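Visitor: This is what each chain is made of:
2 protein chains.
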Amino acid sequence: MPSEDPHSLSLLEGLHSTPARRYLSAEPIPDDVVRALLDAAVRGPSGGNTQRWAWIVVRDAEVKRQIADWYREGWERSYGSRREQILASDDPQGMSAATFRAAEHLANHLEEAPVWIFPVLLGAARSANPRLGSSIYGAVQHLMLAARAYGIGATLTTLYAAHEDDVRRLLHLPDDALTMALIPLGYPARGRWSQPRRRPLDEVVFFERYE
Amino acid sequence: MPSEDPHSLSLLEGLHSTPARRYLSAEPIPDDVVRALLDAAVRGPSGGNTQRWAWIVVRDAEVKRQIADWYREGWERSYGSRREQILASDDPQGMSAATFRAAEHLANHLEEAPVWIFPVLLGAARSANPRLGSSIYGAVQHLMLAARAYGIGATLTTLYAAHEDDVRRLLHLPDDALTMALIPLGYPARGRWSQPRRRPLDEVVFFERYE
Numbered sequence: 001m002p003s004e005d006p007h008s009l010s011l012l013e014g015l016h017s018t019p020a021r022r023y024l025s026a027e028p029i030p031d032d033v034v035r036a037l038l039d040a041a042v043r044g045p046s047g048g049n050t051q052r053w054a055w056i057v058v059r060d061a062e063v064k065r066q067i068a069d070w071y072r073e074g075w076e077r078s079y080g081s082r083r084e085q086i087l088a089s090d091d092p093q094g095m096s097a098a099t100f101r102a103a104e105h106l107a108n109h110l111e112e113a114p115v116w117i118f119p120v121l122l123g124a125a126r127s128a129n130p131r132l133g134s135s136i137y138g139a140v141q142h143l144m145l146a147a148r149a150y151g152i153g154a155t156l157t158t159l160y161a162a163h164e165d166d167v168r169r170l171l172h173l174p175d176d177a178l179t180m181a182l183i184p185l186g187y188p189a190r191g192r193w194s195q196p197r198r199r200p201l202d203e204v205v206f207f208e209r210y211e
Numbered sequence: 001m002p003s004e005d006p007h008s009l010s011l012l013e014g015l016h017s018t019p020a021r022r023y024l025s026a027e028p029i030p031d032d033v034v035r036a037l038l039d040a041a042v043r044g045p046s047g048g049n050t051q052r053w054a055w056i057v058v059r060d061a062e063v064k065r066q067i068a069d070w071y072r073e074g075w076e077r078s079y080g081s082r083r084e085q086i087l088a089s090d091d092p093q094g095m096s097a098a099t100f101r102a103a104e105h106l107a108n109h110l111e112e113a114p115v116w117i118f119p120v121l122l123g124a125a126r127s128a129n130p131r132l133g134s135s136i137y138g139a140v141q142h143l144m145l146a147a148r149a150y151g152i153g154a155t156l157t158t159l160y161a162a163h164e165d166d167v168r169r170l171l172h173l174p175d176d177a178l179t180m181a182l183i184p185l186g187y188p189a190r191g192r193w194s195q196p197r198r199r200p201l202d203e204v205v206f207f208e209r210y211e
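Protein chains in written order, with my numbering: chain X, 1 to 211; chain D, 1 to 211.
Isolated chain X (complex conformation):
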């Protein structure tokens, strides 16, 4: 539970201390807080202010259970099946053992997160535009940062996506809609608001040209 005033955290501090949170408690999130997060989300960028988006809030246990099963299929295919290999690897560019275990925990407990958000783009179902997400992922980041202000953890996931058609039907989305992510939200059960570790800036920032 948050003990602090959500308005007390500074913007710069928030940007530097919002890692993915994958250990989430089942404690409910009040509706007015969910609305506040979404009101912050929609202030993010929308190309040409077209706002061809929808935000689906899922709390229904049966819907969550079904999608969590599909998510676990995706987890197993992409990561779970490589468990020993990933845990044994020390490739600094790869997933760390701690991140693997946290992501595995999330896959096994996804439906316990009290609130899920699906950001959706309308008219995008057939898009093959790799920059499509510029119309919504900034707003998704607003959602996760607003959650941070309220002491709520989140992470951006897409591992359900092989079942896009099934998810679309289950959520009664129009045929032309594309779900862009699944964001499980919950008060953190473990871990802390630490700065994400990243490669040194000099390795990823280039002046004037790449090389």
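Some hints here could point you the wrong way.
Just so you know, same-sequence chains aren't split out, so a pair can sit in one copy or run between any two.
Said to hold, decoys possible - Computed cross-link-like contacts, SDA-like style, restricted to lysine to any residue with a CA-CA straight-line distance of at most 20 angstroms: (1) Lys64 with Tyr23; (2) Lys64 with Ile29; (3) Lys64 with His163; (4) Lys64 with Phe100; (5) Lys64 with Glu211; (6) Lys64 with Glu111; (7) Lys64 with Asp165; (8) Lys64 with Ser81; (9) Lys64 with Phe207; (10) Lys64 with Glu208; (11) Lys64 with Gln195.
Worth flagging that the hints you see were computed from the coordinates, not collected in a lab. Note that the coordinates shown come from a computational prediction; the quantities given were computed from them, not determined experimentally.
Given chain X, work out where chain D should sit, using these hints.
Guide: Chain D only, in chain X's frame:
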């Protein structure tokens, strides 16, 4: 020029008051501020923490002039050629006249913005994945929010993209790289840090299912 302490703005206030800024002055941005913005950017989400990204900082007048010409081609094709129609329209889902004029100003003055940032994804040049941007646009939003803290305006643009191959060559990017946006940065010359106007939340938020 910023008069306030960059650390004084709250996270929630920043999320609610960071519109696209398209009237930008030519006043230089100090290097240490540019680095601070990028250090905030890379704390954004990176799928599996792979960080297959590069951030190109462009200040060279000749490079900016060349890309600005390509940008204006894209502007003309997508918006400029429909000038009278857009300015006469009162479609609430479309671009407002004020936004059109601001975007037109940006197209005509793009190279005056003192610093440009190209966020780049490596290994993505042939991607047709509409969710590709989930690996970088959250970090791009961090960049724009950090800029807000420092009193620097920004907007996410992609109108140069028809010249992707030309831009890739000009920036000496590897063949497998994809530029994901162009973010012009500058101290605002006009306008203010107001809350972006959006459709009412009840029109875009749905509980459990879309309809």
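Visitor: If a hint holds in the structure, say so; if it does not, say that too.
Guide: Quick rundown of the hints versus the structure:
Proximity of Lys64 and Tyr23 under a CA criterion of 20 angstroms is satisfied intra-copy only: 17 angstroms inside one chain copy versus 45 angstroms between copies. In the homo-oligomer, the alpha carbons of Lys64 and Ile29 lie at most 20 angstroms apart inside one protomer (16 angstroms), although the nearest pairing across protomers, at 47 angstroms, exceeds that limit. Taking the shortest alpha-carbon separations for Lys64 and His163, only the intra-copy value of 14 angstroms comes in at or below 20 angstroms, while the best inter-copy value is 43 angstroms. With identical chains, the CA atoms of Lys64 and Phe100 are never at most 20 angstroms apart, being 22 angstroms at best within one copy and 42 angstroms at best between copies.
Taking the shortest Cα distances, Lys64 and Glu211 sit within 20 angstroms of each other only across copies (17 angstroms), while inside one copy they are farther apart (47 angstroms). For the homomeric pair Lys64 and Glu111, the shortest alpha-carbon distance inside one copy (5 angstroms) is at most 20 angstroms, but the shortest distance between copies (49 angstroms) is not. In this assembly of identical chains, the alpha carbons of Lys64 and Asp165 lie at most 20 angstroms apart only when taken from the same copy (16 angstroms versus 43 angstroms across copies). Proximity of Lys64 and Ser81 under a CA criterion of 20 angstroms is satisfied in neither setting, with 23 angstroms inside one chain copy and 47 angstroms between copies.
Taking the shortest Cα distances, Lys64 and Phe207 sit within 20 angstroms of each other only across copies (13 angstroms), while inside one copy they are farther apart (46 angstroms). Proximity of Lys64 and Glu208 under a CA criterion of 20 angstroms is satisfied inter-copy only: 10 angstroms between copies versus 47 angstroms inside one chain copy. In the homo-oligomer, the alpha carbons of Lys64 and Gln195 never lie at most 20 angstroms apart, since the shortest distance is 30 angstroms inside one protomer and 34 angstroms across protomers.
Hint compliance for this structure: hints 4, 8, 11 are not met, and every other hint is.
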